[in-house]
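Heads up: the protein sequence lines correspond to chains A and B, in order. Numbering of the first sequence is given in the numbering used here, commencing with residue 1 and proceeding in unit increments. Numbering of the second sequence is given in the numbering used here, commencing with residue 1001 and proceeding in unit increments.
Worth flagging that the hints you see were computed from the coordinates, not collected in a lab. In this text, a Cβ means the ideal position worked out from N, Cα and C, and glycines have one as well. Hints may contain errors.
[Said to hold, decoys possible] Each pair of labels, with its calculated beta carbon distance range:
#1 Ser-5(A) - Ile-1414(B): 23 to 31 Å
#2 Val-8(A) - Asp-1204(B): 26 to 34 Å
#3 Pro-1065(B) - Thr-79(A): 35 to 43 Å
#4 Val-1416(B) - Ser-32(A): 29 to 37 Å
[What the hints assert, rightly or not] Footprint (simulated), chain A over chain B, 3 or more residues, beta carbon under 8 Å:
#5 1122-1130
#6 1249-1256
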Amino acid sequence: MSVISSNVNIDKYLSLNKYDVDNNHPHIVLTSDPDDEEFDKLVRVCPAALYKRRDNGLKSFDYSGCLECGTCRVVCGDTILEKWEYPRSGMGVEYRYG
Amino acid sequence: MADFDAIIVGSGCAGPIAAYELAKAGKTVLVVERGNFAGAKNMTGGRIYAHSIKKVFPNFEKEAPVERRITRERISLMAPDSNFTFDFTSNQMGVEGQDSYSVLRGPFDQWLASKAEEAGAEYIYGIGVQQLVKDESGKVCGIRAEDDEITAEVTILCDGVNSVLAHQAVDFSQLSTSQVAVGIKQVFALPADVITNRVLAASDTEGTSWLFAGDATKGLFGGGFMYTNRNSISLGIVAGIEAVASGIYPISQMMEDFKAHPDIAALIKGGEMVEHSGHMVPEGGLNSMPPLVGDGVMLAGDSAMMCVNLGYVVRGMDYAIAAGQMAGQAAVRAIDKGDTSVTGLQCYVDMLKDSFVLKDFEKFSNAPTFMGGFNRMFAAYPTMIGNIMNGMFVIDGQPICHVRDIVKTEMKEIGVFNLLKDARGALKAL
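Make the full structure from the sequences, and use the hints.
So this is what it looks like as C-alpha cells:
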C-alpha cells in the first residue's frame, strides 16, 4: 500500500460549489475490487480528490462532488472504471463562475 | 424530412457560434446543452483573444460580459524558494483586433447562447446526448437525448474535450493520458481596486495574465496560471495527466502548495474562495486531432482537440470560435447543395486549412512532444535561474562573484550540452 499524503481540505472547497446530486444513481462506478496501482493514479489525478485512501489503506470514492472533467475516464476507463457517464438531466455540478 | 437542418451538441464557445451562423442563414437549428444553462458545465483559465469573435460580433468587447482587458503579460520560472518573473506591457496589446480579455464561462457562455437564440436558434437545456443516430448507410442523422430521437441533416459536435460522442461520429479512439492535461481552478473574490493595485493595472477594466512554469506543478509538465477578473482572481494549475498519474503528488496538493508560494499568497491574500472547478485541457495538438468531418457530422472546439500550448501562450477559445463559425458556414453550404456527406462537409476542413486555425496547428505540430519532454523547463531551469539571481541580489558581506562565474557554475550544474540541446529543441518546436 502506498501512502499519498495530502493536507488539502477538499470538502471545504467542494462545499463552495453548487451541486444537484442525483442520489442513488451514481454516474461513475468502480469495479468491485479495484487494483491498488490504478486506484492510486486516480487519487493523484482527480481535481476534486474524490478517490481517497484512508490511513489503513482502505479505498473510498464518492461521486457526489464530481466536477465532471473526465480525467478518471481517460486514466482508468479501460481498467477499474465499470461505468463513466455524465450525470442525468442537468444534474451534477453547476458552475456559477467557470 | 429531418426535424432540423442542424443539431449542435454543446453550448460552449464553438456551439453557439455555429448555431448563430446557421440561424442567420435561415436554417432551422437546435442546440442541445446538458447543463441547465450555457456555461454551467464549462471552465476556462482563462483569457480569450478577441480577433476571431470580433469577426462574428464586431462590438464583442462592448457587449459581452468580459472581465478585464489583459494589458500585462507575466511569465514566471518558479522554484520552491524563489520566483523569477518576466513582466511585459505593450500598447500593442490594447489595439482593437489584438486585444484579449479575461472571462468567466458562466456569464460568458450565457451571452454567447443568447446571441444564437436571438438569431433564431432553438435551445434545449438540461438534457445530455448519449448517442448519435445513424441511418442504414452509417451516416449520422441526428441524436438520441434521454428518450427522444431528433433528426437533422447535419450534426455538429461541440461537446468539449471529454466528448462521449466523438468516437461514435468519426474514427477516434479514447483519449490517451499523454494527449490531455488536467486543470484545477479556484476563484477568489476581491474588491476590484485591490486587484487593480496588486497587479499594477491602470484601471479596474485592465488586468494581467500570469503563467508559471516549475514548482507550480512540482516540476512536472504543466504550469500555474492567474487571470484577473473584474472582482475576482482565477488561479489554477494544469498538469499533464500521464505525469500526475505516475507522480508523487495529487494535483489537489499541488494546487494547495502553489497557493502557499509567497508570490501567490500575496496575490490572493484576503480573497474569499467562491468556487473550485476542474477540467481537462487538450494538449496533443495536430497529431491528436480526430477527423474533423464524417458523414453528416462535424467536430469543432475542444472535442476536436483545438488547443495550443506554447508555454508562453495558451489558446483554445479563439480557435473554437473560428471553428464554430466555419462549421456553421460549411453546414449552410452543404445543406444548400443537398450533400451533407463527408464529401459535402469537406469544405469545413478546407476553410480551417485556409485559416489560422489549421495553419497554427500544422506549424506547431511538434510543440506538444517537445513541451511534454522538456523536463528541465519545469524543474532544473527555475532552480538555476533562482540560484543565479540569488548570486546577484543577495548581499551578505562576503566578497562578491562576477556574474559570469555565477552563471558558469549554474550552467555546469545542468550541463552545457543539455542547455544547447534544449535551446535548439525550443527554437525548432516553438
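Hints the structure violates: just list their numbers, smallest first. Hint check: 4 fails alone, others pass.
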